[in-house]
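Chain residues, written in single-letter form:
Protein chains: 2
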Amino acid sequence: MSYQLYYWTGLQGRGEFVRLCLEDAGAEYADVARIEGDDAIMPFLNGDREGAMPFAPPFLKSGRLVIAQVANILQYLGPRHGLVPEGESKRLHAHQLELTITDFVAEVHDTHHPVSNELYYEDQRDEAKKRAKDFREHRIPKFLGYFEKSIERGGGRFPLREHSYVDLSLFQIMAGLEYAFPKALAKQKVPLLRDLAKRVADRPNIAAYLASERRVPFNTNGIFRHYPELDD
Amino acid sequence: MSYQLYYWTGLQGRGEFVRLCLEDAGAEYADVARIEGDDAIMPFLNGDREGAMPFAPPFLKSGRLVIAQVANILQYLGPRHGLVPEGESKRLHAHQLELTITDFVAEVHDTHHPVSNELYYEDQRDEAKKRAKDFREHRIPKFLGYFEKSIERGGGRFPLREHSYVDLSLFQIMAGLEYAFPKALAKQKVPLLRDLAKRVADRPNIAAYLASERRVPFNTNGIFRHYPELDD
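Just so you know, the protein sequences line up as chains L and R, in that order. My numbering applies: residue 56 is where the first sequence begins, and numbers increase by one. My numbering applies: residue 56 is where the second sequence begins, and numbers increase by one.
The set of hints was computed from the structure by calculation and includes no laboratory data. The structure presented is a predicted model; accordingly, all values stated were derived computationally and were not measured. Hints may be right or wrong, so weigh each one.
Copies of one chain are not kept apart here, so a pair can be met inside one copy or by any two copies together.
[Claimed, not checked] Distance condition first, Cα-Cα at most 27 Å in a straight line; then the derived DSSO-like pairs of lysine-lysine: (1) 197 <-> 116; (2) 116 <-> 145; (3) 204 <-> 116; (4) 253 <-> 185; (5) 116 <-> 184; (6) 145 <-> 185; (7) 238 <-> 185.
Model the full structure from these sequences, guided by the hints.
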């Protein structure tokens, strides 16, 4: 099965959670905007295409389906590629965890844009410093502690007792924090989460992907941004 | 089928999206914390109960299942109560819309808490004014415009061409905005969305619910808060 992924070029952003899933699955996909340019995204956002109209990228085309929202896409891909356990209870649990990751990612974004997406970071730096302080002191420990405990409850290796798309997303938030908030991350006591992230990075398809040019380096256009003053 | 809903007492909050679904469905449910107190929630958050551990309320118990995250709960309830159309394409679409509502609700929250949940509103009022200005000028029009267009694409009455749980959530955000940001809402040109919200309020089960004591009035402990200085 072949997919078309639509996401802004030049950054990992929210699209990366979908890429990691497609890459781990060894799925055939085209990263459309990287081939045709960001303009390829617009007709979908403007409602000029068939199927569900996305509010924002990423969205995935799978045949005639247009699927937006990261967690929705992963929930769709998971069962098709053996990336979520069988059974309603497990799938609800996987999705619940993924939605909590979604919440966390939105909070990561708001550390550098606490006032407005219409303004540059530099124009909201004072507010960003306050928000980032709260994020480091309260939110990182709360979210990572929750994921750590979820892995513990899953037997110590996976929150769902076996590999799933959730692991890939947990890897991505750990990689993102390592880039954006290295000092804050170093203080967290989350050995199971670190171990999981390392095991994900070592999965053959993921290792190959991370070493490829398809993995755009983290940068200050993405969701995870390294501004030293926000990590101090 | 009987459910147990867990959500903080004294406010509508995110729990209200689940309540509206249960009420519209005519489902039997216990609003547990309103009976036993907020303490009833804690063992679940602390991981002292079987089933998926929630990061935060609301969560729903359905037999042995514990389901957290509003959109996840609605996706579970929808098919069981005829509150989402049949077919994968429609269900993905419904969930995508609901997740976009979730994003919007998080942004509503951040208008009064742009810095930290640990601080009172009064201690982040200056930042809240800036964030709320952006929210009124950019985010309300963008989100409501998207929902308006989704209804238009669905034939003018429902985003999914027939009644679904998404309608109930759209009603709730319109009701919340009417309370919290009446001036900003009055400026929006969203006739289809207003009409949908009105039709939802007139559904017999919803009308009965809204007239009951179970519908806690909006207040400044909830997600939607009316602070006049944020709507000016």
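Right, here's what the structure says about each hint:
Proximity of residue 197 and residue 116 under a CA criterion of 27 Å is satisfied inter-copy only: 23 Å between copies versus 35 Å inside one chain copy. In this assembly of identical chains, the alpha carbons of residue 116 and residue 145 lie at most 27 Å apart whether taken from the same copy (25 Å) or from different copies (15 Å). Taking identical chains as interchangeable, the C-alpha atoms of residue 204 and residue 116 lie at most 27 Å apart only when they sit on different chains, with a minimum of 20 Å there against 35 Å within one chain. Taking CA atoms no more than 27 Å apart as the test, residue 253 paired with residue 185 passes in neither setting, with 31 Å inside one copy and 40 Å between copies.
Proximity of residue 116 to residue 184 under the C-alpha cut-off of 27 Å is found in neither arrangement, the shortest distances being 38 Å within a copy and 39 Å between copies. Neither within a single protomer nor between protomers do residue 145 and residue 185 lie at most 27 Å apart by alpha-carbon distance, with minima of 38 Å and 42 Å respectively. Proximity of residue 238 and residue 185 under a CA criterion of 27 Å is satisfied intra-copy only: 17 Å inside one chain copy versus 29 Å between copies.
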